[in-house]
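Asks: Here is what each chain is made of, one letter per residue.
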Amino acid sequence: MAIFRYPCPAPSEITPKEVYLSRRGMLGGSAISLMAALAGTAEADALKAHPGPYSGGLTPTPEEFVTGYNNFYEFGMEKDDPVSHAGDFHPLPWTLEISGMVKKPQHIDVGALLKSSDIEERIYRMRCVEAWSMVIPWDGIPLAKLLALAEPDSNARYVAFESVVRPSEMPGQSSAFSGISWPYVEGLRLDEAMNPLTLLAVGIYGESLPNQNGAPIRLVVPWKYGFKGIKSIQRIRLLDRQPPTTWNRLAPDEYGFYANVNPQVDHPRWSQASERVIGSKTLFGTKRQPTLMFNGYAEQVASLYKGMNLHESF
Amino acid sequence: MKASRVSGKSTAFLRRYWHVVLYPLGFIPAAWLVWQGQSGELGADPVNVFERSLGLWAFRFLLICLALAPMQKIIGINLLRFRRLTGLLAFFYAVMHLASYLALDLQFDISIFWRDVTRRPFIILGMVALVLLFPLAVTSNRISMRGLKRNWKRLHRLVYVAAVLAGIHFFLSFKTLNSTTAFYLTVMGLVLLTRVPALVSAGRRVFTHLGARRS
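Chains A and B supply the protein sequences, listed in that same order. Numbering follows my numbering, in which position 61 of the first sequence is assigned residue number 67; successive positions increment by one, without gaps. Numbering follows my numbering, in which position 164 of the second sequence is assigned residue number 165; successive positions increment by one, without gaps.
In case anyone wonders, no lab produced these hints; they're calculated from the structure. Note that beta-carbon positions come from the ideal geometry of N, C-alpha and C, so glycine has one too.
Here chain B is said to cover these stretches of chain A; the calculated rule only asks that three of the stretch's residues, wherever they fall, bring their Cβ under 8 Å from a Cβ of chain B:
hint, region
1, 81-90
2, 277-284
Reference listing, derived: stretches of chain B covered by chain A, where coverage requires no fewer than 3 residues with Cβ under 8 Å from a Cβ of chain A:
hint, region
3, 45-51
4, 93-107
5, 176-183
Bound-form chain A, shown alone (with noise of 0.2 Å):
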């Protein structure tokens, strides 16, 4: 779970496009991302993201709040545990494996996927389960394009993801407290996973992803809440019935298998009817905000629940 949400930031405090894509192009033809891509390592590399579409009309957040407040339990409970215990984790080389009820089972070297020319830029909304959010601007393919490419069976229905168990890299996961059996697990229903929206973020900011946002490559589906979003994703698997889900089996009664974004249907412990806004730096000037329903992709969504109960299957 991550990050997400509204302008609230002041334009002066937003990394300015132009900033950022002339460090884009200035790192492309460097020896310094050369080095890092020798080197397998984290730097930061540019991406050739092209503008996708839902890319207009949101402000994102700024990059230090992106990268700097995530909740990511491999690296710890804390907001800044990821940021700070994240360096030892190596995302490259890595294969992502796409298999289950498939015709063609996938093994997609990720390092390659990086230097693609089909990375689209799509800034979403993204709302914490917490009651905050920020607009994260995203990197990424669409998932449906990589199920394609395997040719799921006319039977799959749901889709299963697996993280990535490393504990000598991920001091979180030799942790006694939290209680979350590894690895993280996550899961949508196919026609979820197929919906245009649904993506597979590679960087962020035009950059390849930081460890602590789920490097090297992490599911991003803006109309749910954000722990849906599983990060460094190792495995991708079909399957005829519907898959379990980490925080649904910690607390079945506060987090379900869908999670969308719905201020009518409260967390037990609190109001999901609006969401303080991350990007404001003084306490005082902290936004609060409206949620609103589908984290604002009714339009694109709503149709998938058609005749559900969203008071119970929530």
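Following the hints, put chain B in place on chain A, whose structure we already have.
Replies: For chain B alone, coordinates are given in the frame of chain A:
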């Protein structure tokens, strides 16, 4: 309090006016948090850190307050005179905790507040703990002690109920068990354990008192 070993003129002055020094000291964490919050040191979600920190300070002062009696009994260090100070600080921090939740977090959205305090056990427990501390804060002066006589002690045993409720509220404020809650709840457990004999004998006294009245 008679057992105090400090002496001399300067310490006599401190002994008399310690509260003038210590009350402002107690508010340093709150002032520090406000300063950090306004200078961007509380991170991406300053309101959340601010309101949680105030709640944690309330719980810390409450635990210190409760630990003073067993400390005197078990280790022999008599700091009982600070019980009023620490108890009142716990109350003030709890009030600031509630105020920051209402004003900074909910931004006075009364409809959300109303649903929270009527439907969510997590919030209800915290609110009840604060409400229980209120009469204790109001009667924390010598006049009330004299006026209420034995009932003052009975009334102030509510602090144990408030502490347990606050402890559960604190535990529920996290998504999973973690080292912070484990630490504070262990401290609370130990402090309460040392009070079990006293509470049992107090309970027995009340029981025999009632029994005597009935016969």
